[in-house]
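Asks: Below, each chain spelled out in residue letters.
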Amino acid sequence: MANQQSTSENPRVDLDYRRKKNAEDMRYQVITFSLMIFLTLIAFAAVGFGDLSNWFVVPFILLLAVVQVIFQLYYFMHMSHKGHEAPQLFLYSGVLVGFITVLAFMTIIWW
Amino acid sequence: MKRLGKWRLLPLIAVIALLAGCGEPFLSALQPAGEVAQMQYDLMVLSTLIMVGVIAIVTVIFIVVMVRFRRKSKDEIPKQVEGSHTLEILWTVIPILLLLVLAVPTVSATFKLADVSSMEKKNEDGKSDALVVNVRANLYWWEFEYPNEEIVTSQDLVVPTGEKVYFNLKASDVKHSFWIPPVGGKMDTNTDNVNKFWLEFDPAKADEAGGIFYGKCAELCGPSHALMDFKVKALPRAEFDQWIADMQSVTEPVQAETADAQAGQEIFNNSCIGCHAVTPANTTPEQARMGPNLTDFGNRTLVAGILEHNEENIKNWLKDPESVKPGNKMTGKYNLSDEEIDAVTQYLMGLKVQE
Amino acid sequence: MHAEEKMTNETWPASPEKATLEAKNKFLGFWFFLGGETVLFASLFATYLALKDKVPTADHALSKDLFEMPLVFLMTMLLLTSSLTSVYAMHHMKNFEFKKMQLWLGITVLLGLAFLGFEIYEFNHYVHEYHHSFTSSAFGSAFYTLVGFHGGHVAFGLLWIIVLMIRNSKRGLSLYNAPKFYLASLYWHFIDVVWVFIFTVVYLMGMVG
Amino acid sequence: MSTYAQKKGVGAVLWDYLTTVDHKKIAILYLIAGGFFFVLGGLEAMVIRIQLAIPDNNFVSAGFYNEVLTMHGTTMIFLAAMPILLGFMNAVMPLQIGARDVAFPFLNALGFWLFLFGGLFLNLSWFLGGAPDAGWTSYASLSLASEGHGIDFYALGLQISGFGTLIGGINFLVTIINMRAPGMTYMRMPLFTWTTFVASALILFAFPPLTVGIFFLTFDRLFGANFFDPTMGGNTVIWEHLFWIFGHPEVYILILPAFGIFSEIISTFSRKRLFGYSSMVFATVLIGFLGFMVWAHHMFTTGLGPIANSIFAVATMAIAVPTGIKIFNWLFTMWGGSIRFTTPMLYAVSFVPSFLLGGVTGVMLAVAAADYQYHDTYFVVAHFHYVIVGGVVLAILAATHFYWPKMFGTMLNEFLGKITFWLFLIGFHLTFFIQHFLGLMGMPRRIFTFLPNQGLEVGNVVSTVGAFFMAIAVIILLINIVITSVKNVKVGNDPWGDGRSLEWAIASPPPFYNFKQLPLVRGLDPYWIEKMEGKKEMTPAEPLGDIHMPNNSFIPFMISLGLFIAAFGAMYRLDYSWGLPVLILGLLVTLLSMFTRSIKDDHGFHIHKEDLIDEDKGRKA
Ligand code: HEA
Ligand code: HEA
Ligand code: CUA
Ligand SMILES: [Cu+2]
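Protein chains in written order, with the working numbering: chain P, 1 to 111; chain U, 1 to 355; chain Z, 1 to 209; chain R, 1 to 621.
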């Protein structure tokens with residue numbers, strides 16, 4: 001029941017094309033990585049240096065974390081590629097359940 | 001199709017039984033004896049009626065189907081219908097409407113029952129005008145502290161009728177739940193925090209129930225969970241005030257009168273006083289109150305919450321508490337001979353604040 | 001295309017991680033597993049947030065006393081970088097460059113090991129300097145469970161990658177092992193994702209109080 | 001005779017089952033183990049009912065009662081109902097989508113062995129110092145205070161079997177997404193497949209919170225952690241939340257497959273396609289989704305406050321809507337149909353009103369303010385037995401009769417089947433209907449005895465009598481199974497004559513590769529479509545070719561055994577010096593087994609085209 005991959009007539013061309021594509025992907029990933037490092041730096045800086053109010057810092061660094069994770073998921077883990085519909089559905093369902101859990105634990109457990 | 005008859009009757013029986021009210025008036029949630037229970041009872045009736053409506057509709061369709069669509073011949077092939085949008089919308093919308101009818105009073109009652117603002121209002125003395133009772137649940141016994149009146153009692157909760165009584169609820173060991181079925185729903189006594197709620201005791205219904213309601217622990221808490229009962233004496237305000245005054249007047253342990261009882265008191269002071277106080281003041285710290293307060297033990301309705309209150313049973317209890325309440329915290333904590341137990345019993349019977 | 005087939009540059013498919021039915025199944029199943037892991041870690045985070053700084057007595061160290069920025073920063077950089085190196089490994093996997101893939105995986109493993117080393121140092125430090133241990137308070141229990149579960153994932157991930165590297169070192173890439181490498185790298189990224197939230201929620205938010 | 005049906009020695013058969021990765025055999029294993037635990041849980045229920053037959057009864061002691069009560073709930077939910085349903089999913093779902101096997105045959109076996117070892121571990125507590133006694137919910141303050149190792153058995157046993165269930169869930173999800181036969185689109189999948197899908201998704205998201213909660217409990221009890229100890233800053237309500245975040249979806253994990261089973265049976269024996277198929281699918285998904293938003297309705301009296309209570313009350317009520325859609329769709333499937341009252345159909349028909357009663361009391365419970373009265377009383381006990389016994393158990397009994405021929409190739413006796421049905425149905429209503437009133441009349445649940453003169457005598461004795469009816473019914477079912485197996489009269493592909501989905505298009509029991517050629521699916525109820533066109537078999541979607549099959553493996557057994565050993569070590573670590581080494585040993589067994597699996601290539605084997613043709617000839621001969 002092996003599933004046939006469509007390969008074009010000329011394997012050589014195909015190969016070159018794919019190499020190029022992979023290299024391009026890799027470039028994106030390096031950019032992603034730089035962005036992630038950058039976001040991390042900002043987060044640490046916001047906590048380490050600025051005399052900012054907690055009301056700002058906490059949501060801000062949380063937002064940075066979310067953005068960074070989205071990068072990670074979409075580029076490093078290739079969720080942006082085709083064939084990831086089911087993974088997306090289930091990951092987001094997990095996120096939703098997790099989010100509700102966290103919300104509940106922060107609101108209806110007494111301190 | 002005899003069974004169909006049964007189906008048709010079920011809801012009918014249900015409503016009649018519910019509305020007629022069954023069970024014992026001192027124990028049954030179907031015989032509401034106070035504002036809270038009444039509110040909850042009304043919700044039960046409302047929801048039951050809605051449910052009976054739903055059941056009726058389904059039953060009618062069900063019967064028609066059962067009667068009309070039995071297979072008549074071996075090769076009958078019915079029409080393959082996909083569905084019907086009208087019908088599907090109908091049975092989506094109608095339940096939604098029914099649920100709205102139910103949801104509104106639900107939310108409103110939920111908030112009403114949680115309104116404990118008047119117990120938080122403090123007057124000049126730092127006390128509340130409303131009557132407050134601190135309930136502390138312990139492995140198989142209940143303690144009731146009246147913070148404003150500064151007294152403590154156990155096992156028998158004494159309350160005035162016809163007014164809101166506010167409760168602070170907590171547990172000292174494991175989770176329990178405080179429930180007086182005829183008077184209102186339950187609330188957990190947690191180990192982590194203090195829960196608050198209120199109840200109101202209806203004077204007429206209290207008379208009907210013989211002045212006493214039964215209270216229960218409603219959260220599994222160990223072997224004797226089933227036996228963790230308490231009693232509620234609902235008194236008219238004047239009698240309640242009298243009881244408070246009588247309790248407050250006991251500042252020193254009451255001295256036993258007969259010789260037997262005096263011997264018993266002696267023994268009691270040696271073996272029992274460490275856990276059982278015989279003065280009602282709430283000044284001893286909670287951790288030191290290891291057993292029920294026995295100040296008005298002679299006035300109790302029951303021994304240990306479950307045995308009829310007589311000498312025989314007190315002796316049985318003291319001889320072998322384990323046989324009465326498995327796993328209780330008094331077993332094995334003292335060592336008395338039969339004679340000593342007789343004496344202590346005499347003493348205990350005399351512990352009364354009212355005649 | 002069969003899993004056992006010997007592959008060449010030309011026959012190597014564009015998505016070797018999903019070229020056979022077995023691979024497709026594994027790929028999907030693993031993503032679902034990550035969906036479940038998300039809920040697992042969410043529960044741990046939720047508990048941590050509920051029990052943060054919940055200690056029995058006032059002399060216990062709280063999160064704002066414990067955490068130090070430089071160490072956390074270093075650990076974060078190590079793990080983030082290891083995510084990039086494993087991306088490089090997968091890049092070479094897709095290009096059918098086995099040796100290069102192994103090299104980058106090796107670097108990933110080293111970075112991961114360094115991370116683990118620092119984590120062990122860190123825990124040790126808290127226990128000895130602050131008497132902040134697994135059993136000292138609810139805060140301690142929640143902290144070590146959350147961060148420790150993550151650490152356990154790191155350790156398991158390392159083990160997995162190492163086993164794969166050794167097992168296949170002589171065999172080169174095939175459609176049978178390509179999905180395994182791919183999944184291990186997905187797992188590694190997921191660990192990184194969790195760490196992003198840990199450094200934000202536990203450490204940074206802990207420092208701001 | 002075909003090769004696979006040849007007579008084998010007992011040892012060979014045993015080894016075959018210990019190492020099997022065939023979904024149909026795993027299904028049988030699930031059924032046997034689940035059936036065993038069902039009888040065990042049922043016996044525990046009988047002990048409960050006998051003890052409560054009269055006031056002040058001394059049949060069992062207070063402490064023992066709590067153990068029985070806890071084990072009854074835990075066994076029934078985790079070790080009986082869920083595994084039996086997983087068994088039917090294994091048996092039927094791959095056939096329904098036209099697959100040769102599940103996506104992960106190896107993991108499938110692993111899931112079963114984890115469940116079995118977890119269940120055995122839990123039940124060994126009876127012999128090793130006492131069973132858990134804090135209720136199946138094991139609320140934290142009591143479960144920490146409970147002495148002995150009962151609760152440790154609970155925690156470790158459920159942890160192990162929980163892993164098994166999780167693995168099973170993932171396996172089914174991938175199977176349904178990736179392994180459907182050509183033409184089997186999502187909206188052509190039989191409803192049992194759909195409910196398997198949604199229930200599996202619920203497993204995926206509901207079990208991790210339980211895993212976490214149980215870890216906390218284990219850490220607190222055995223490793224000195226303080227999650228639930230308020231004096232150390234802990235909080236017991238965390239357990240309640242984690243348990244119910246799992247626990248509520250769990251009840252839908254149970255009921256959705258039951259809905260699926262009934263959907264199949266009702267449409268089969270009404271000879272009609274399911275009314276409102278797409279709305280049925282939609283309702284299933286919606287129930288699954290809403291199932292995660294309502295858990296706090298079990299905690300109305302915990303003291304979460306009126307805002308939380310109101311939100312969760314309203315959210316809970318919302319579930320009545322999709323469930324109602326299903327009820328009416330079933331009724332209208334039968335409407336205009338041609339109903340034949342076989343044993344499975346009797347169950348299906350009686351399920352509708354029985355479950356309805358349980359469902360509407362659920363909505364009554366959702367009325368938060370009134371739940372203060374119902375909570376922790378027999379009203380709740382009545383509610384959930386109405387939905388579980390009236391829904392899940394009826395479905396299990398129905399499926400047993402319905403799929404028995406498909407699984408074993410022989411029909412259960414219809415006459416005995418109907419006797420079982422009537423006894424069980426009557427007993428069920430007798431037992432549980434009256435309990436609504438007991439609860440309202442002030443009877444708390446989980447009490448080992450009640451006192452006389454509180455108006456509770458009559459109700460309890462009636463309830464006990466009903467339980468005996470159910471017990472007799474189950475015994476008759478067992479007799480039926482024995483008789484049927486001894487007689488062993490073989491049946492054809494479609495023994496009920498009205499089969500609609502793919503599983504009825506192949507032999508009973510199916511060959512181990514299921515489909516010689518994958519069938520071409522041309523619509524909902526594919527087999528029915530072909531039958532209506534006068535064909536006897538499915539049109540194949542592929543030419544006859546080699547079939548790839550997985551190898552048997554003993555590793556799943558070893559992985560599970562390792563955890564089983566490790567659990568003993570973890571538990572006795574503090575009592576005995578051998579604890580820690582055993583813990584490590586067990587984990588090593590597991591890890592080494594996993595390691596072996598990882599490094600040993602296992603490419604499976606091929607059945608060759610020629611053999612398939614030979615077999616065909618053999619069969620015809
Ligand atoms: C298979 C298992 C199962 C199922 C399907 C359900 C279904 C439901 N349950 Fe139940 N429940 C349990 C198993 C189940 N439950 C268990 C085991 C417990 C106790 C756990 C413990 O404490 O040990 C419990 C406890 C429980 C409680 C907590 C009670 C308490 O402890 O105080 C509540 C409260 O809201 C509740 C509600 C509901 C509701 C609203 C549904 C709904 O899904 C029901 C929906 C169905 C219908 C409503 C019928 C059909 C609908 C129509 C015909 C449409 C029209 C209807 C209306 C407009 C009303 N359940
Ligand atoms: C799938 C779930 C499930 C099922 C099927 C059942 C089935 C039954 N249950 Fe149970 N029950 C629970 C789940 C379930 N229950 C849960 C979760 C609780 C809560 C626990 C807690 O509070 O923690 C509970 C609690 C519970 C109580 C409340 C106890 C209390 O609060 O103190 C009662 C009391 O009547 C009861 C009774 C029954 C009965 C009579 C059956 C009957 O339907 C059983 C019928 C089956 C049999 C009778 C089979 C017996 C078979 C034989 C006798 C054959 C033997 C033959 C041979 C050996 C050859 N159950
Ligand atoms: Cu206290 Cu039950
Ligand atoms: Cu629920």
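One or more of the hints may lead you astray.
Chain U is nowhere near these chain R residues, computed Cβ spacing over 12 Å in every case [stated by the list, open to error]:
| hint | residue |
| --- | --- |
| 1 | Asp133 |
| 2 | Tyr186 |
| 3 | Arg221 |
| 4 | Arg273 |
| 5 | Gly276 |
| 6 | Phe384 |
| 7 | Phe437 |
| 8 | Leu456 |
| 9 | Val465 |
| 10 | Pro509 |
| 11 | Gly545 |
Examples of chain Z residues toward chain R, derived with CB under 8 Å [to be verified]:
| hint | residue |
| --- | --- |
| 12 | Gly29 |
| 13 | Thr81 |
| 14 | Tyr130 |
Hints are computed from structural coordinates only; laboratory data are not their basis. From the three backbone atoms N, C-alpha and C, an ideal C-beta is built for every residue, glycine too.
Asks: With reference to the structure, classify each hint as holding or not holding.
Replies: Cross-check of the supplied hints:
no.: 1; hint: Asp133; result: 8 Å, violated
no.: 2; hint: Tyr186; result: 17 Å, holds
no.: 3; hint: Arg221; result: 14 Å, holds
no.: 4; hint: Arg273; result: 5 Å, violated
no.: 5; hint: Gly276; result: 4 Å, violated
no.: 6; hint: Phe384; result: 16 Å, holds
no.: 7; hint: Phe437; result: 6 Å, violated
no.: 8; hint: Leu456; result: 8 Å, violated
no.: 9; hint: Val465; result: 17 Å, holds
no.: 10; hint: Pro509; result: 27 Å, holds
no.: 11; hint: Gly545; result: 34 Å, holds
no.: 12; hint: Gly29; result: 4 Å, holds
no.: 13; hint: Thr81; result: 27 Å, violated
no.: 14; hint: Tyr130; result: 15 Å, violated
Violated hints, in rising order: 1, 4, 5, 7, 8, 13 and 14; the structure is consistent with all others.
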